[in-house]
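Protein chains: 2
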Amino acid sequence: MGDMTARRELTTYPPSNTEDSEAMARIREFLDRVAPPTPCLVIDLQTVRDRYLELTEALPGARAFYAVKANPAPGVLRLLATLGAGFDVASIPEIELCLAEGARPEDISYGNTIKKRADVAKAFALGVRKFTTDSMADLENLAECAPGSSVFCRVALNDTGAVFEFGSKFGCASDMVVSLLARTGELGLHPAGVSFHVGSQQLDPAAWDAGIAEAAEIAAKLASDGIQLPLLNIGGGFPGNYTVVSPPTTHYATVISDSLARHFGAAGLPLPEVMLEPGRLLVADAGLLRTEVVLVSRKSTADDHRWVYLDSGRYNGMADTENDWIYFQLTTPRRGGETGPVILAGPTCDGTDVWYHNRMYELPLELRAGDHVDVLSAGAYSTSTSCADFNGFAPTTTHCV
Amino acid sequence: MGDMTARRELTTYPPSNTEDSEAMARIREFLDRVAPPTPCLVIDLQTVRDRYLELTEALPGARAFYAVKANPAPGVLRLLATLGAGFDVASIPEIELCLAEGARPEDISYGNTIKKRADVAKAFALGVRKFTTDSMADLENLAECAPGSSVFCRVALNDTGAVFEFGSKFGCASDMVVSLLARTGELGLHPAGVSFHVGSQQLDPAAWDAGIAEAAEIAAKLASDGIQLPLLNIGGGFPGNYTVVSPPTTHYATVISDSLARHFGAAGLPLPEVMLEPGRLLVADAGLLRTEVVLVSRKSTADDHRWVYLDSGRYNGMADTENDWIYFQLTTPRRGGETGPVILAGPTCDGTDVWYHNRMYELPLELRAGDHVDVLSAGAYSTSTSCADFNGFAPTTTHCV
Numbered sequence: 001m002g003d004m005t006a007r008r009e010l011t012t013y014p015p016s017n018t019e020d021s022e023a024m025a026r027i028r029e030f031l032d033r034v035a036p037p038t039p040c041l042v043i044d045l046q047t048v049r050d051r052y053l054e055l056t057e058a059l060p061g062a063r064a065f066y067a068v069k070a071n072p073a074p075g076v077l078r079l080l081a082t083l084g085a086g087f088d089v090a091s092i093p094e095i096e097l098c099l100a101e102g103a104r105p106e107d108i109s110y111g112n113t114i115k116k117r118a119d120v121a122k123a124f125a126l127g128v129r130k131f132t133t134d135s136m137a138d139l140e141n142l143a144e145c146a147p148g149s150s151v152f153c154r155v156a157l158n159d160t161g162a163v164f165e166f167g168s169k170f171g172c173a174s175d176m177v178v179s180l181l182a183r184t185g186e187l188g189l190h191p192a193g194v195s196f197h198v199g200s201q202q203l204d205p206a207a208w209d210a211g212i213a214e215a216a217e218i219a220a221k222l223a224s225d226g227i228q229l230p231l232l233n234i235g236g237g238f239p240g241n242y243t244v245v246s247p248p249t250t251h252y253a254t255v256i257s258d259s260l261a262r263h264f265g266a267a268g269l270p271l272p273e274v275m276l277e278p279g280r281l282l283v284a285d286a287g288l289l290r291t292e293v294v295l296v297s298r299k300s301t302a303d304d305h306r307w308v309y310l311d312s313g314r315y316n317g318m319a320d321t322e323n324d325w326i327y328f329q330l331t332t333p334r335r336g337g338e339t340g341p342v343i344l345a346g347p348t349c350d351g352t353d354v355w356y357h358n359r360m361y362e363l364p365l366e367l368r369a370g371d372h373v374d375v376l377s378a379g380a381y382s383t384s385t386s387c388a389d390f391n392g393f394a395p396t397t398t399h400c401v
Numbered sequence: 001m002g003d004m005t006a007r008r009e010l011t012t013y014p015p016s017n018t019e020d021s022e023a024m025a026r027i028r029e030f031l032d033r034v035a036p037p038t039p040c041l042v043i044d045l046q047t048v049r050d051r052y053l054e055l056t057e058a059l060p061g062a063r064a065f066y067a068v069k070a071n072p073a074p075g076v077l078r079l080l081a082t083l084g085a086g087f088d089v090a091s092i093p094e095i096e097l098c099l100a101e102g103a104r105p106e107d108i109s110y111g112n113t114i115k116k117r118a119d120v121a122k123a124f125a126l127g128v129r130k131f132t133t134d135s136m137a138d139l140e141n142l143a144e145c146a147p148g149s150s151v152f153c154r155v156a157l158n159d160t161g162a163v164f165e166f167g168s169k170f171g172c173a174s175d176m177v178v179s180l181l182a183r184t185g186e187l188g189l190h191p192a193g194v195s196f197h198v199g200s201q202q203l204d205p206a207a208w209d210a211g212i213a214e215a216a217e218i219a220a221k222l223a224s225d226g227i228q229l230p231l232l233n234i235g236g237g238f239p240g241n242y243t244v245v246s247p248p249t250t251h252y253a254t255v256i257s258d259s260l261a262r263h264f265g266a267a268g269l270p271l272p273e274v275m276l277e278p279g280r281l282l283v284a285d286a287g288l289l290r291t292e293v294v295l296v297s298r299k300s301t302a303d304d305h306r307w308v309y310l311d312s313g314r315y316n317g318m319a320d321t322e323n324d325w326i327y328f329q330l331t332t333p334r335r336g337g338e339t340g341p342v343i344l345a346g347p348t349c350d351g352t353d354v355w356y357h358n359r360m361y362e363l364p365l366e367l368r369a370g371d372h373v374d375v376l377s378a379g380a381y382s383t384s385t386s387c388a389d390f391n392g393f394a395p396t397t398t399h400c401v
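So the protein lines, in turn, are chains A and B. Here full-length UniProt numbering is used: the first residue of the first sequence is 1, the next is one more, and so on. Here full-length UniProt numbering is used: the first residue of the second sequence is 1, the next is one more, and so on.
Please keep in mind that the hints were generated in silico from the structure rather than gathered at the bench. Note that this is a predicted model, so its numbers are computed, not measured. C-beta: ideal position from N, C-alpha, C; glycine also. Some hints could be false.
[Claimed, not checked] Here are a few chain B residues that face chain A, going by a calculated C-beta distance under 8 angstroms:
#: 1; residue: Phe30
#: 2; residue: Leu31
#: 3; residue: Arg33
#: 4; residue: Val34
#: 5; residue: Leu269
[Claimed, not checked] Residues of chain A clear of chain B, computed beta-carbon distances all greater than 12 angstroms:
#: 6; residue: Leu97
#: 7; residue: Glu106
#: 8; residue: Val244
#: 9; residue: Thr250
Let the hints inform the model, and build the full structure from the sequences given.
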């Protein structure tokens, strides 16, 4: 057991300032009044609204397409549809969900470059006219099954700096983007623009610069052949606030706007209309995931650390803890007293269902079974990554307040 | 893109011999006749039956409790109940599922050491009388909510050699096992025995020796205090046949029986009755997971490898590919022609939804969208680890033939 202690770095995380916010008060009021079964996620819709408005004010010329996969709760989709947001979707069920919650087909962008031919046809039948591609095979499907649609072509970037890297799976080389977009018009489709993604939870606003530079270069090459790209999709990556607090949205907006002006100006091109695909930025901080302590134990009388087993783990809500990707802020009762190091783990019989492998958390020594441990900024990729029933545990439920 | 190639070791996997088996013929007949939507898992029940009978014949004194989490398909549970198997369960829903498929409550073992107090009470109300623990807090819950039940106490082992390690999350130190089992009787419960787990997909039959030695030592200590342990739960870990073919079950049985005789003999103790918890052994090789090729593409004209995107990935059936844990055998159409290296990936917009990060597979150059790629020995931890709807994709369905 001693090895485990040695492998983990001990870190103390104070509760976030958001603990005293109005949003937190609304969430706590709901939890106190309803006492829903745990684990559950509570989303404060006012926070989603605030974040959306902050973003669109910071980048007034840009259009935000919400990354539905971050949290497909109907209440979130309905609110964003009301606010005039667009929706970035990955599949037919996500399209149907958005439409059911009031989205217009013209506000939906089928951003997944991996699409069955039949799904392209179905999306087209549902009215979707914006698609992203990164291959000739997919472009040919779009030409045949979604004629006249607008096509974005995704360029692959080296996305160092992001917590989650996307570079290798999506997008293609710059010269392939040029040839795909050049073919688009000939195939009866509209070349809409370049898209790229800097990687999820991107804490460096300068990370967008390389993609914008690449996009301007591609646009210049195509312009010299008489092909204009009216749009630019700068993807997602805008972060939530976890234990590492992220730069303000206005800072992202300034840095990105500067990059746009610089690179498109240098290429002698007009500024394209900007699309972006925020996920975490809109929903992460809006959510509190309430868990219950199932068991507190020590593995040996000699251990100075405890194991705290919660009713949520990587299979039912806390997938972002895998590989120590994201250290979340936690709040617990019984604060103020003495604390000690703990290893957090989920409720399944799976040995990998341990929240973190490189750090312990400091939690009250008095913490006991039945107490709630609340995970802050847990609104993104929590419920949406829940397993259907691994070990018999149901997916984490969502409540919007 | 060149980096990706360099990071991966190129390996060729020929189709398994099981391709020509009767089981495969039954599965293929079903797939040809029904043509179910993909991705889907087809389980050959005759193989499950064969594996169960092989195991119980190889270890005639032992009692097998099927690890339900490996594959909770009702058809599998019903078959095993008919054969007289026991069931190792992780939660109340798994207990209810087993009971619904014909299991008797006395044949159910609640093997999860992480249990809410209310769940202990509910299990007891459902007739369950076998529980595993590794802490005083849980033992006290058992005493209050499941009086008179049989209790196993799990000892933590250093389970090197297994593909999946369990040592750190479950079990406790040997001296703590002794004191917990010593308390069991005083609390109105029956001390049933020690349990341990050598880690899933354990390819070394000798790995059980350390646990058996530890169990004999614990049993000897308790015997000297007048406490007899009638049982020993040697857990799961019995493997499936993937690209690395595992030793035969009879070999495991011989090595384990030798260890039992040696260690309990040396301690001057009678042999305990053995319980085991097979999961993969019974269902892995019984299952074929059929996927469809969504897209085949290259990221650059210079790439010598292709990306093959399938409609199944780590979020909807292929979780065992994470961290390159298990290399599965694949079969494809268009065999016989030229092949080339491919990176396999799932259908979601998630950059980590790539099957393997350290190896490429060799697949036919003629492979194209719409072709089926069949994953052999995929009956364990595939459907059971599917997400409810990440990216809008439904969990992989199961068909028993």
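Status of the hint placing Phe30/B at chain A (closest C-beta pair under 8 angstroms) | Interface hint status for Phe30/B: violated (22 angstroms vs cutoff 8 angstroms).
Against chain B, does Val244/A hold up as non-interface, every C-beta pair farther apart than 12 angstroms?
-> holds, 20 angstroms
Taking C-beta pairs only, is Thr250/A more than 12 angstroms away from all of chain B?
-> The assertion about Thr250/A holds, with a minimum of 27 angstroms to chain B.
Hint check, Arg33/B versus chain A [nearest Cβ-Cβ separation less than 8 angstroms] | With a closest approach of 22 angstroms, the Arg33/B hint is violated.
Agreement of hint Leu31/B with chain A interface, Cβ distance less than 8 angstroms = Not OK, violated: Leu31/B not within 8 angstroms of chain A, min 18 angstroms.
Beyond 12 angstroms from every chain B Cβ - status for Leu97/A = At about 7 angstroms from chain B, Leu97/A fails to clear the 12 angstroms cut-off, so the statement is violated.
Agreement of hint Val34/B with chain A interface, Cβ distance less than 8 angstroms = At 18 angstroms from the nearest chain A Cβ, Val34/B fails the 8 angstroms test, so the hint is violated.
Per the CB criterion, is Leu269/B less than 8 angstroms away from chain A?
-> Because about 25 angstroms separates Leu269/B from the closest Cβ in chain A, which is outside the 8 angstroms limit, the hint is violated.
Report holds if the minimum CB distance from Glu106/A to chain B is greater than 12 angstroms, and violated otherwise.
-> Holds, because the least Cβ-Cβ distance between Glu106/A and chain B comes to about 20 angstroms, which exceeds 12 angstroms.
In summary, the numbered hints that this structure violates are 1, 2, 3, 4, 5 and 6.
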